[in-house]
Amino acid sequence: MIEEMYAEDGEKRVAYHRGTDEFRSATASLEDAFGTQPHEMWKSISTAQYNSIYEDSIVSVVNLVQPAYLAPLTPVAVGRKFFIGKEWVYDKVYTLTTSNDCTLPYPSGAIPLFIGELVNVYGQAGDSDLTAYKCLYFKCDNHNDVESWSSVELGQGTYNTFYSATFDTTNDNQRLRMKSYAYDSAGAFTDWDDIWTSVATIRGII
Amino acid sequence: MIKPFKIIATVDEENEHVGVTYELTKVVVTVDGMQPVGASGEHWESIQTKTETLGAYISLPADADIEREIFTIAKNGGWIQ
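Just so you know, the protein sequences line up as chains A and B, in that order.
Letter 66 of the first sequence, counting from 1, is numbered 66 in our numbering, and no numbers are missing.
Letter 43 of the second sequence, counting from 1, is numbered 249 in our numbering, and no numbers are missing.
For reference, chain A alone in the conformation it holds in the complex (with noise of 0.2 Å):
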């Protein structure tokens, strides 16, 4: 298990490196619904998470290479969502932000590193517009400031904790969903705010 996820409207999701037992025994599984995957470009896969927005259960995939299609985004990150119910598959693109070109709102104190969105891609199941809905991924190093900014209760690691609120950007930026991520020792996943600083960086953002 390398990342505890925890969510306001569904139970904690756990995420599972390349190579283990539970990676093969879930990519199996989720072949069995959505037919053969490509998860040799894999790095992890989540167990289900009901996610409110969407109404569905969701298995999530972070990739270990990006796909070419994708590399017009600059994606830092990709990923995909598998929707159980609805039987949908979206990508999923993780992009740069900054303090200063950030529009969505978060805590004070913390620091914009993220924005997430879903994409459509010819072939893939699921015709429905999503990249309404964004979710910033920040850092704070107060908990109890997010969890005071969003009334909801999170939980956290003892080594690291980074956390995402998701917004409907059609509706004033509407917070629809707020998230952590846990980290009880140090990892692949652990250390958002270095990898938004080597990418910015190699980028000339600072």
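Note that these hints are calculated values from the structure, not bench results.
As the structure is a computational prediction, the values presented were derived from the model and not from experiment.
Just so you know, even glycine gets a beta-carbon here, dropped at the ideal spot from N, CA and C.
Keep in mind that the hints are not guaranteed to be accurate.
[Stated by the list, open to error] Here are a few chain A residues that sit away from chain B, every Cβ distance over 12 Å (derived from the structure): (1) L104; (2) D129; (3) K139; (4) S148; (5) S164; (6) D168; (7) N173.
[Claimed, not checked] SDA-like, lysine to any residue: derived pairs with alpha carbons at most 25 Å apart: (8) A:K139 <-> A:T98; (9) A:K81 <-> A:P38; (10) B:K281 <-> A:L30; (11) A:K81 <-> B:I286; (12) B:K209 <-> A:V119.
[Said to hold, decoys possible] So the derived label-pair ranges between C-beta atoms look like this: (13) A:T98 <-> B:E275: 40 to 48 Å; (14) A:G85 <-> B:I272: 52 to 60 Å; (15) B:T227 <-> A:Y122: 12 to 20 Å.
Given chain A's structure and the hints, the job is docking chain B onto it.
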């Protein structure tokens, strides 16, 4: 909508056909030397990637759904990731 293929150009052919020049791209992943690190299932591995691109031309009936046809070719050829 993002398309996992690129249609470069189309040209009207004779006999009610259309010629399509298209491009397909995929990332090929090679993993070597998996080695467990820690108890969480993470591991070190040497990952190498290379991008392969295929450019091609196909003649289709003028009333064909060009995108659907190119997608089908790409999918059957293992170019959809």
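Could you tell me which of the hints above the structure violates, numbers in ascending order? 2 and 14
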